[in-house]
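Chains Z and L, in that order, are what the protein sequence lines are. When we follow my numbering, the leftmost residue of the first sequence carries the number 26, and every step to the right adds one. When we follow my numbering, the leftmost residue of the second sequence carries the number -17, and every step to the right adds one.
I should point out that these hints are in silico values taken from the structure, not numbers from a laboratory. Backbone N, C-alpha and C fix where the C-beta goes; we use that ideal spot for every residue, glycine too. Among these hints, one or two may not hold up.
Unchecked claim - Here are the simulated DSS-like pairs of lysine-lysine, each with C-alpha atoms no more than 30 angstroms apart in a straight line:
#1 Z:111 - Z:48
#2 L:-7 - L:310
#3 Z:48 - L:42
#4 L:166 - L:42
#5 L:21 - Z:150
#6 L:21 - L:42
#7 L:166 - L:88
#8 L:125 - L:-7
#9 Z:47 - L:42
#10 Z:150 - L:46
#11 L:166 - L:46
#12 L:46 - L:125
Claimed, not checked - Not the full set, but computed from the structure, chain L residues with beta-carbon under 8 angstroms of chain Z:
#13 26
#14 28
#15 31
#16 103
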Amino acid sequence: MSVDIFLSLLTAAFALMVVFSKKTVVAAFALLMTLLTIAIIYFQVGTVFLSAVQVLVNAGAIAILFVFVMMLINLEQFPNNREKNKMKLIITSFTVLVIMGVLALVINNNIEMLSVENLTDNSMKALFDKLFTAYYLPFELATMLLLAAIVACIVITSHEKHEKHEKEELLETEKNR
Amino acid sequence: MLIEIVEILLKIVIILALPLGALPIIIHVERRGAAFMQKRLGPNRVGPFGLLQPLADVAKFMFKEEVHPTHVRDFFYTAAPLVALVVALLPLACIPIAAPIDAFGKTIYPEVFRSDMGIFFAFAASALGSYGILLAGWASNNKYSMLGALRACAQMVSYELSLSTSVVAMIFLYGTNDIHLIIKAQTGYWFGFLPMWGFFLQPVAALLFLVGIFAESNRLPFDLAEGESEIVAGYHLEYSSMKFALFFMAEYIHMIALSALFIIFFFGGYSLLPGMEIIANKSPILLVALQAISFITKIALMIWFFVWVRWTLPRFRYDQLMNLGWEKLLPLGIANLIVTVLFVYFRNP
């Protein structure tokens, strides 16, 4: 039990470090440590496969991409904008409230979740039997969420590019004059 | 309880001592092999056949004054070599060097971490290998180190994909992800003489895996993380004495671990070398010893193959490396995977 508490605290500490550390690369490495400690929790619980996949996909590929991009664009040269924004505050508090509400719902109503206790054995077959039958809808919804995030990324970045393009055109016309 | 602790400790000691003890020998073989292929003599002055040269090198690494540059990020600079070495040692935890033994009233597994998911654990640990390099490159606060680290890391991430497709194809073909069962499927002979190794079943997957190992361990012809004329020594440019030696060790241990995985999938792991069965049936202890010898011989041949390729093939250019990885090997890997899956599906519907 004490190991569980220690691991949870460690994960929480690293997660807080992601949010509060001033250097972006340090934050990225803290994110990596968060992912790894979550993998250790999976391992501790007994699902070796989930733990391996967590390390392989999240820590081994996604976090590397984060670190990679942060190193390439050298974020330290940009001013740290942490100004207090009213809209930001509203959105953040709304998100926190929604997450808390969902958690409260789950805990109060004893909604059955895909947990280790529900698995008859920890093999890959048992896990995927559950995932592709009983929990197919949440699984697909999660992919929809990822798709939405990808589309949002494209929209945000392409918009900025467009603006930059316009600025460059303006500069060029000015030069030509 | 005590016996279990002793058992685990023994396993850990063996699994650490074998590759770390083999390192000086491998480095010596590499240098002598390089000399052999270039019609030179190589290090032959210290001891008989220059065999004590690695010892002299170790002594030098230990006692050399360390240069700690002032412009580095101290914490990460010190942490990077340790991360590299520890992560390189991790996959060895689930590589068995012999079959499980029935002794003292229970089955003793020769690997430290016994699980039927061991193979995923090994690949997960190997996927973390790029962090040591990335940390070193960034912490050195130097553009050459940085570029070297980025190159090494991009190369490792790209080739991991084609390597994974070949592993998935092999797991489908064997129908299991337990290392012992995979090796068991490869013991025996076709037509009485051809060993039932995965290499003969899936030469394409073997090729993908092999190229993947070379790229993952940053060995020639893919050693673009270093380049005298472009980025000097790459990510370990700012490192000296023992810290540099740790990177060096990590690279070789990564190579050993990946070779061991390659042998498990394509050359029958610890299954006996052809011709050994006649002696091996005499006693169970002899069988285990011969299995370990077979496995180590296979790895040694693999290491020799690394040296051979190193002094045979010229280096790639970076864009050629990326084209090979993404445009040729990855489609080949996916095609191979689809063919394998269809084959497995129609063989036992």
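Does residue 48 (chain Z) lie within 30 angstroms of residue 111 (chain Z) when you go C-alpha to C-alpha? Holds: residue 111 (chain Z) and residue 48 (chain Z) sit about 25 angstroms apart, inside 30 angstroms.
Would the hint on residue 103 (chain L) be counted as holding, given a Cβ-Cβ threshold of 8 angstroms to chain Z? holds (5 angstroms)
Is residue 21 (chain L) close enough to residue 150 (chain Z), meaning Cα to Cα at most 30 angstroms? Judged against 30 angstroms, a Cα distance of about 56 angstroms means the pair is violated.
Going straight from one Cα to the other, do residue 166 (chain L) and residue 46 (chain L) come out at no more than 30 angstroms? violated (48 angstroms)
Starting from residue -7 (chain L), check that the Cα of residue 310 (chain L) is at most 30 angstroms away, please. violated (41 angstroms)
Hint validation: residue 28 (chain L) versus chain Z, beta carbon distance must be below 8 angstroms. Holds or violated? violated (41 angstroms)
CA of residue 150 (chain Z) to CA of residue 46 (chain L), is that 30 angstroms or under? Since the Cα atoms of residue 150 (chain Z) and residue 46 (chain L) sit roughly 54 angstroms apart, the hinted pair is violated (cutoff 30 angstroms).
Interface restraint verdict for residue 31 (chain L) against chain Z (beta-carbon cut-off 8 angstroms): Hint violated; residue 31 (chain L) Cβ to chain Z Cβ min 41 angstroms, cut 8 angstroms.
CA of residue 48 (chain Z) to CA of residue 42 (chain L), is that 30 angstroms or under? violated (37 angstroms)
Restraint check for residue 166 (chain L) with residue 42 (chain L), where alpha carbons must lie at most 30 angstroms apart: violated (45 angstroms)
Chain Z contact restraint for residue 26 (chain L) - C-beta distance below 8 angstroms: Since the shortest Cβ distance to chain Z is 42 angstroms, the answer is violated.
Between residue 46 (chain L) and residue 125 (chain L), does the CA-CA distance stay at or below 30 angstroms? holds (26 angstroms)
Of the numbered hints given earlier, the model fails hints 2, 3, 4, 5, 8, 9, 10, 11, 13, 14, 15; all others are met.
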